[in-house]
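Novice: The primary structure of each chain is shown beneath.
2 protein chains.
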Amino acid sequence: MDQPLRVAVTGAAGQIGYQLVFRIAAGEMLGRERSLQLNLLEIPPAMDALNGVVMELDDCAFPLVKGIVPTDSPETAFANVDIAILVGSRPRSPGMERRDLLEANGEIFTIQGKALNDCAARDVKVLVVGNPANTNCLIALRSAPDLSPTQFCAMTRLDHNRALAQLAHKTACHVSEIKGLAVWGNHSPTMFPELGSTTVAGKSALSLVDMDWYGNEFIPAVQQRGAAILQARGFSSAASAANAAIEQVRDWHLGTELVTSMGVYSTGNYGISEEIVFSYPVTCDADGVHIVENRVLDQFSREKIAITEQELVDERDAIKHLI
Amino acid sequence: MDQPLRVAVTGAAGQIGYQLVFRIAAGEMLGRERSLQLNLLEIPPAMDALNGVVMELDDCAFPLVKGIVPTDSPETAFANVDIAILVGSRPRSPGMERRDLLEANGEIFTIQGKALNDCAARDVKVLVVGNPANTNCLIALRSAPDLSPTQFCAMTRLDHNRALAQLAHKTACHVSEIKGLAVWGNHSPTMFPELGSTTVAGKSALSLVDMDWYGNEFIPAVQQRGAAILQARGFSSAASAANAAIEQVRDWHLGTELVTSMGVYSTGNYGISEEIVFSYPVTCDADGVHIVENRVLDQFSREKIAITEQELVDERDAIKHLI
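Listed in order, the protein sequences are those of chains A and B.
Going by my numbering, the residue at position 234 of the first sequence is 234; the numbering climbs one at a time, nothing skipped.
Going by my numbering, the residue at position 20 of the second sequence is 20; the numbering climbs one at a time, nothing skipped.
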């Protein structure tokens, strides 16, 4: 058998982590033939809970799991890891300004970026889930100068999947019949789920829906979906976020079949500002992540993209002393 | 493609349900080629939370999921279902006697057994997870006279997996090297995890451990594992319970590779009282569940089995007006 892949998950005892680690351990992310070691990072006050998670992982008797390392040290968590999923982040507390939130998370992702730089496998892939994900990802990758920025991405797969679900409901089709959809920009309420190149059962999506629904129902529904779920469940989306992380890493590691959406380090594609982490339509293969080129973007799309781009530039400016 | 399999889960918005339904939807229970419909039952006060779970299931854009039916009606939930996983049950509240707990759950499982009898597919398979699982299962199957008792089982796979994990740690082997282990009796602190026919990497388990560890450490650790996890996590075992349910149904539906443990309706095998739901070593194939026969049980094992058998007889006597 191959060497076990080493997978690190931060915030492993949190709501998303508790959904994520069992599915990874069952082989859903890297395949049912691939053995793995799980390195689970938590902050010191959560170590008892993390030990409970480890006990439950033991109690699943997963055939693929060859080792579990619970730790509160980023250096231990990231030692020689092939994949790192950065879920843990500081949530916004009442009265906290967005700038304070960026700053508080800046510290976490500076430390973790440095630890990845110093300890991880040289070809590590790093997915940032913890919010504000795009800018946390930017801080992490700038804190890891010995790694390539292409080894880091921010999760917009949940937004992508939410957009698929909304469009499938509207057109009474199955999600598996939708192709070409993409989410642009920031994982925030400014994100732009774009239908211009999307097909549903082979037909142009924009021939099946009207612009009023697209602009005034679909886009806000995707942008505000997290709040709607929080309202219904009384808790934020954990299972669907974990599922999106699994799918995004699986596609990155094993290759995509379809166009998907990932937040990647911009080098100016589509005229977007450089040096921000921006969600684009992408495909993945053994050579890495490829931004889909030559999409036609109409005036409506360009305006929506400009708004989310500006937000990311502002976020970068707010934490520029950290990068 | 085949017709979607219809799978009902009760208590679908609870802690175990929230872990379970996403993994079922991803194809972990019935295979990654098998499309399915999910019927999700909750009690009326939990319908908002259940709708949040359905929103998140939508937001996973699972290719295999062809429909989701959230409901508070057992008849709707069980209509033509091929598999029913009964997770929801009344937990013990402070000051509640065991008899009161059996009675409160007796109502739930009487209603659900009748609804399965009237509405489910004629070859439905029913797994009872909600505690007290064995006696809840007995009530359900006796409330479904048109179905065979062999179509019902109670979950002892979590206990089985917990025993595997403890033995693997003790012998410094991997869980996948252990064969023949079985849990006998009730899913309760009287259960008996038996090592008499167990091998570890081909060697007799009882040649690798001493009787003091077996009787005074291993058995109590497996029996009390749920309490230990509750203490560490602050919440009861949800992910590992959901995992066990997935594995038990998968083995039942697709067949076992190894001996496992399931609570089945006793017809007297090994001299156990009839008409209780008792965990035995079993295998599964297309013909159903088969109790492993002719195991040699020494005096120690017979004493342990008698204790858990007596508990189940007492539970049956406490609810005999319901069956």
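You may find that some hints are simply not true.
Pairs involving identical chains hold if they fit within one copy or between any two copies, as the list cannot separate such chains.
[Claimed, not checked] Straight-line alpha carbon distances no greater than 25 Å define the calculated SDA-like cross-link-like pairs of lysine to any residue that follow: (1) 66 / 175; (2) 320 / 235; (3) 66 / 27; (4) 179 / 221.
Everything labelled a hint here was simulated from the structure, so no lab data went into it.
Novice: Are there hints from earlier that the structure breaks, and if so, what are their numbers?
Specialist: 2
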